[in-house]
Amino acid sequence: KSLAITVTFFFYFCSSWDETHFGKMGSYYINRTFFFDVHPPLGKMLIGLAGYLSGYDGTFPFQKPGDKYEHHNYIGMRGFCAFLGSWLIPFAYLTVLELSRSQPAALLTAALITCDTGCLTLSQYILLDPILMFFIMAAMLSMVKYNSCADRPFSACWWFWLSLTGVSLAGALGVKFVGLFIVLHVGLNTISDLWQLLGDLNLTMVTLGKHLTARILCLIVLPLILYTTLFAVHFIILNRSGPGDGFFSSAFQSRLLGNNLHNASIPEHLAYGSVITVKNLQMASGYLHSHWHLYPEGVGARQQQVTAYQHKDYNNLWIVKKHDANTDPLDPSFPVEFVRHGDIIRLEHKETSRNLHSHQHEAPMTRKHYQVTGYGINGTGDSNDFWRIEVMNRKSENRIKVLRSQIRLIHLATGCVLGSSGKTLPKWGWEQLEVTCTPYLKETPNSVWNVEDHINPKLPNISLDVLKPSFAEILLESHMVMIRGNSGLKPKENEVTSKPWHWPINYQGLRFSGVNETDFRVYLLGNPVIWWLNLVSIGLYLLLGSISTVSIQRGIQLTAEVKGLCQVLLRGGGQVLLGWMLHYFPFFMMGRVLYYHHYFPAMLFSSMLTGILWDTVLRCCACCLSSFPLANWVHVFGISLLILGIAYSFYLFHPLSYGMVGPMAQDPQSPMAGLKWLETWEF
Amino acid sequence: MLVFLKRPVLVTAEINLNLVALTVVALLSRLWRLSYPRAVVFDEVYYGQFVSLYMKQIFFVDGSGPPLGHMLLAFGGYLGGFDGNFLWNRIGAENSLITQSRLMLLESLLIFFNLLAVLSYLKFSNSQKYSSFSVNWWVWLILTGVSCSCAVGIKYMGLFTYILLLTIASVHAWHLIGDQALSNARVLCHLLARGVALLVVPVITYLSFFYIHLMVLYRSGPHDQIMSSAFQASLEGGLARITQGQPLEVAYGSQITLRNVLGKPMPCWLHSHKNTYPIRYENGRGSSHQQQVTCYPFKDVNNWWIVKDPGRHQLVVTNPPRPVRHGDIVQLVHGITTRFLNTHDVAAPLSPHSQEISCYIDYNISMPAQNLWRVDIVNRESDSDIWKTILSEVRFVHVNTSAVLKLSGALLPDWGYRQLEIIGEKLSKGYHQSMVWNVEEHRYGKSQEQKERELELHSPTQIDISKNLSFMARFTELQWKMLTLRSEETEHKYSSSPLEWLTLETNIAYWLHPRTSAQIHLLGNALTWSSANIATLAYVLLFFWYLLRRRRNVCDIPEDSWSLWVLAGTVCCGGWAVNYLPFFMMEKTLFLYHYLPALTFQIILLPVVLQHVSEHLCRSQLQKNIFNSLIVVWFFSVYMVYHTFSPITYGDQSLSANELKALRWKSSWDILIRKH
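Residue numbers (my numbering), protein chains in the order written: chain H, 9 to 691; chain Z, 3 to 678.
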């Protein structure tokens, strides 16, 4: 049985909203430029691939929403997203069919998702969400399918669905970390599945072992392999230096073509007078940085800020000087003098000519540590500017090697060690990372640094074959950077943000493109009829579900038919409800900025629940009324009424997705007049 | 027991064998049945060094020396008014920086109520089988509910134990529902009783705490500013004195001050002053050079505005007053400078995406005044609602540009005297409190002339009507403010992360003698902590082992010991988990003492595991004997550790630098050593 529902997609001629974001990243793949994003790479890679195959050359700048595409060939990328988005409907149809064994329920679900303006809008543009939802639904479908193959374990069909589940999980996780929720869902399902098997005393331990191994192979090992492959491909494709370099360690950067560390040719040993950048060894930390701004009042001494900064910047440059002389070591009359392990040095900030300084004031965030500042005028400071340089991974040689030496800077007067705490400074510190001097001499990557750039005209440049990081190292590092990036997306004070409780009630949509009356406007908003129906259904489901579980627990005798319906309601509905909860409730605990479109995976699950619920309820009604002649019609009639109602509401709201021109909705002349049911909608 | 432990080893072993065996056996086999042995056991557990840390903590509170003395006295003093003061104490602790010792006290009270709740629930569920609906049964059931709400009332952490108990109770109730020997009516009675005692009673108790709290604290205090104007007006003194008897309805000609409802980063009032925006900002952008409009966190005569009807010239209230309603168009005139509140398509100083708000100065440069504002009452009941003092929350929507008057939260630089920036948000993305204002002070303007008006503005308001908020309204506001009030995220010298607690990587120094090196630390008994950790791990492993084997129909232990084992584990392990794991998600500053409630649960698990091992895992008598003597050795070493650390627990002895250094078992412990 194939589902003959097709969705027509319309494409328009300007970029909208987040397209600037992901479209740009697609272009990066085509241009093979390295970039940094908080999401794993699969979604953007697929967008890039689609663009590449459809002849997009990656030159459109994607600067701001509303820019015209003009001659650029973007249809392929949009078409690809729309294509994946349209698969949601058959997937939902099949899942519900499998769970409830009832075609009307499946049809109802399909109608709900087809006619939802939100899903439609979201699938039409170059976004990660259609791809993510595609994989989530695929994982759900294959999980349900392999559950129903449980009676013939180890058959080809069973293996197929099991491994397909694994593949889809890898896909979902590879697009966004939200994929973790479906992983959790499948995990819970597998645990309960294994628990059932364990209780079956007919099975030998060997068979159980086989079951367990099969699941580990298909649901853990296979996705992991795919996921890492994904990153491998990502790193292989993106081999050119780009905007994301500074977030990563020196070793990582040396992989990138065009980066100054790639096949670097720099003076090998550090000498007095060298201009250097110093990078913290902690992953996702930054360069030692200073700028003209002072620490604000009340935060230690009011001297110049010293921070760690992740981007490459001329303020990251420092000059190595002797502690006791302010002569210019680059004067050609002096011989070259190398810095050695144990030397006492002074680091002068190139741009502001202040010395790296520390003293016994509390550091701004980590109160147990000392504050680090920039001090002195034109390189003349005091004895608190003296640092002893130590090489941690020293062999026999005493000189300091660029990139390879892991160095530690010890403050001479207090004996503390220069380190970066990794904490983000407040606004006064431009949200850069805190640099402190820690009195604890523990050796952590936080307090170890390496010299990255090195400029010294008096020394010959030597081509360095820098340590190539292993794949596992770069994988780990990129995850650390992503996690840090994600937790850095905090909403600002006094900013209106979307709250999770807004979502199921369809409180407020998202403006996709167009603001003014003359603009062509697209507004991301779920079809309110469908969303409110879903909301009511969840409440009704909880009520009916508890009634039926309690009556089963009380041992009330039910007819076989009702019992069957209860089973569908509790088993099938339960699965889907769990999916909804897993994709919705975690957002309440997230500290990062949330958007309306985060609800859409949960919305798919809640639509499936609605399908199952109403089908069961109507069947139940038909059952109760079986003495009346038209009882059988109740079910058919009810379902068709629901589907027709949904279709009509789609007709009403379809301009939201397909675009509206003309006055805003509060104006009676607008095509959407009378449809602004909530004041918070802005179309 | 301490005395016993000091006797020669052989004898000690004998006595302790019995004692320990008895204690532990009693603990396990009778724990959930009879009241008397259980109490004894519990005392034993407390006072017999078994939970040495827990006891230390109590002693600590008792004999902690100077810093705590006052606090303790004060606490004793208000023990009579237990509940109300309790909360008062708590709020004080949360809002301001009272010394940690006070917090410590709260922690132990929390532990007390947590354990009381658990104990009474277990009592209740034991009496369930034989004497449902007896007096005892009721007492324990209600005591559970009350102590739960006490625990929640002390610290919100108590909520987690409450949820745990609710879960256990609902599992038990679920079994009851499945018990087909009971009639439907009886099941319903059971459920109702539980619902009343575990849901309704705690809520009522909790509300009554607040009721007493609000009854007792009826005077205004230092934290008034955080609360809304309406709340403040309900307190004696403070704002109430000013707002007493203001006219309720805002009319054309009214003189008002406007307070921002969100009030973040600080509460403030709409303000303007003679100074203008600088022609060019530091970053090179230009301004309109008109008069600044800011939000000012202090009461000031420049906070007064006059509501004017755009169609008339008067700035006085007519007789009878014409009230302003929702949807009316008004102009807002700054009282002292008589300039009109205005906004236009110029970028705001710090938020370039929003419009600048100014008081209009006509420079004759084809920049017309745009000073019409629509009054939009957010909390209106009908569309013809009148704008009311204090009660109405109002948005001002600009008529020409539909920008909304908003507090951006940014601080202006020196030219703006570090006051808060006010902006016109062009595309309002929905409701946010920073766009909502309420009238705080209000009087009907009478003076026609500017000079008189200035005098009038400087004089305090009068007339008499009092506004009383209902208890529930005040409760909701206070509760909401308490939950959302984000304490400043200051890192403390002794703050630590939850992972460090598990391995006792951290300590807190409470007090140092001004001259000697006598000092008091919050530092656990390292041995108890590690054995508690091991016990937890052992429990979890054993539990899963049994669980999996039972599923395959292999029963290693008899049915009732299994159910006891499960219940003990749920209570202890569950109690530990719910009191510990949530800290990983919290963003506030954490200290070691936050772990103590969790630790007590972990320590109670210890005897359970020990007893289980000796009863079920030691097969031969020999093994049992070895195990028992091991326990004795363990007891002894716990005592030794306790003894070693007692100087820095009680702070009664001054130790030399070397002795102190010897105590520093872990390099991360911060023990204070005087340098000279």
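Note that these hints are calculated values from the structure, not bench results. Note that the structure is a prediction, hence the values are computed from the model and not measured. It cannot be assumed that every hint is accurate.
Claimed, not checked - If you want a taste of the chain Z side facing chain H, the calculated C-beta under 10 angstroms gives, among others: (1) Trp176; (2) Gln182; (3) Asn186; (4) Cys191; (5) Ala412; (6) Asp416; (7) His434; (8) Arg554; (9) Arg666; (10) Ser669; (11) Ile673.
We put the beta carbon where it would ideally sit given N, CA and C, even for glycine.
Results of checking the hints against the structure:
1. Because the smallest distance between the Cβ of Trp176/Z and any Cβ of chain H comes to about 7 angstroms, under 10 angstroms, the interface hint for this residue holds.
2. Of the supplied interface hints, the one on Gln182/Z holds, with its beta-carbon coming within about 5 angstroms of a beta-carbon of chain H, less than 10 angstroms.
3. For Asn186/Z, the interface hint holds, the least distance from its beta-carbon to any beta-carbon of chain H being 8 angstroms, beneath 10 angstroms.
4. For Cys191/Z, the interface hint is violated, since its Cβ never comes within 10 angstroms of a Cβ in chain H; the closest pair sits about 15 angstroms apart.
5. Below 10 angstroms, beta-carbon pairs count as interface contacts, and Ala412/Z has one with chain H at about 8 angstroms; its hint therefore holds.
6. A distance limit of 10 angstroms between C-beta atoms decides the matter here; for Asp416/Z the minimum to chain H is near 13 angstroms, and the interface restraint is violated.
7. Hint on His434/Z holds. Least Cβ distance to chain H is approximately 4 angstroms, under the 10 angstroms limit.
8. Look at Arg554/Z: its Cβ gets to within about 7 angstroms of chain H, closer than 10 angstroms, so that hint holds up.
9. About 13 angstroms separates the beta-carbon of Arg666/Z from the nearest beta-carbon of chain H, more than 10 angstroms, and the hint is not met.
10. Against a cut-off of 10 angstroms between C-beta atoms, the interface hint on Ser669/Z holds, since the closest Cβ of chain H lies about 8 angstroms away.
11. A hinted interface residue such as Ile673/Z counts as satisfied when its beta carbon comes closer than 10 angstroms to some beta carbon of chain H; here the least separation is about 14 angstroms, so the hint is violated.
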